[in-house]
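Colleague: The whole structure should be built from the sequences, with the hints applied where relevant.
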Amino acid sequence: MLEPSQIDAIAAELAQADQTRVPIPRITARYPEATVEDSYAIQGVWRDQQIAAGRRLVGRKIGLTSKAMQAATGITEPDYGVMFDDTVYENGSVIDFDRFLNVRIEVELAFVLKDALEGPHCTIFDVLRATEYVTPALEILNSHIELEGRTIVDTISDNAAYGAMVIGGRPMRPHDLDLRWVSAMLYRNESIEETGVSAGVLNHPATGVAWLANKFAQHGARLEAGEIILAGSFTRPMWVSRGDSVLCDYGQMGTISCRFV
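0 is the number of the first residue of the sequence shown in numbering that gives the first Met the number 0; add one for each residue after it.
It should be emphasised that the hints constitute simulated quantities derived from the structure, not laboratory data. It should be emphasised that the depicted structure is a prediction, and the values quoted were computed from it without experimental measurement. Don't take every hint at face value.
As the list claims (entries may be wrong) - Restraint-style ranges between C-beta atoms, simulated for each label pair:
1. 101 with 66: 20 to 26 Å
2. 213 with 101: 28 to 34 Å
3. 182 with 115: 27 to 33 Å
The beta-carbon is built from N, C-alpha and C at its ideal position, and this holds for glycine as well.
Modeller: Below you can see the structure in the form of structure tokens.
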């Protein structure tokens with residue numbers, strides 16, 4: 000376990016890395032004793048500082064919920080982070096590439112809640128009842144820690160590598176389609192790079208949202224009405240460079256795009 004002073008120091012390092020765009024050395028290389036609980040404490044200190052600075056929390060992201068993502072990262076359990084209002088882009092946005100580090104794109108579904116969700120016994124049926132609509136979303140990964148050799152402790156500390164999301168396509172009520180069979184084709188510069196189906200996220204994308212509600216219950220918290228929950232990627236992360244255009248075709252749920260400049 001880390002000391003509170005060490006947790007505060009690491010949170011400050013991550014905040015500085017976000018400003019300077021210079022990645023920091025792996026936390027686990029310097030603090031091999033650091034635990035998952037430490038990593039969420041680091042994330043929590045950073046989160047509270049951002050809120051105190053005036054940023055507004057609008058939702059949560061769940062990561063590492065699919066075999067594709069776990070294989071790509073070498074990490075075997077889900078994680079979560081927070082999303083602020085200034086990280087949400089509309090469909091078709093032109094995005095500043097230099098805002099992020101180690102820029103990659105993931106294909107996801109976003110659940111927008113009309114009711115609060117509370118564990119510890121939350122199920123996918125509770126999630127479906129509490130969801131106003133589900134919509135396509137692209138997550139932009141933003142890693143402030145060197146990638147090679149990182150563990151889940153490093154990733155969680157770095158707000159689960161969340162940078163931003165692009166939300167759009169055709170929002171649909173969760174009972175109007177089979178959410179397990181939402182498929183997507185991800186293009187970079189008009190060339191198809193990744194494909195996937197949403198059942199790759201824990202057999203049903205709502206399972207990840209239920210997992211998060213139950214995880215929050217361990218800390219006496221819940222997911223609130225109005226929050227946006229990114230349920231996890233069902234493709235591998237796709238690297239992007241300055242000047243790249245990205246488009247994802249979700250079939251009946253429409254398309255979503257952005258461009259990095």
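Colleague: Determine for every hint whether it applies to the structure shown.
Modeller: To see whether the hints hold, each was checked on the structure:
no.: 1; hint: 101 with 66: 20 to 26 Å; verdict: holds, 22 Å
no.: 2; hint: 213 with 101: 28 to 34 Å; verdict: holds, 30 Å
no.: 3; hint: 182 with 115: 27 to 33 Å; verdict: holds, 31 Å
Going through the hint list in order, the structure satisfies each hint without exception.
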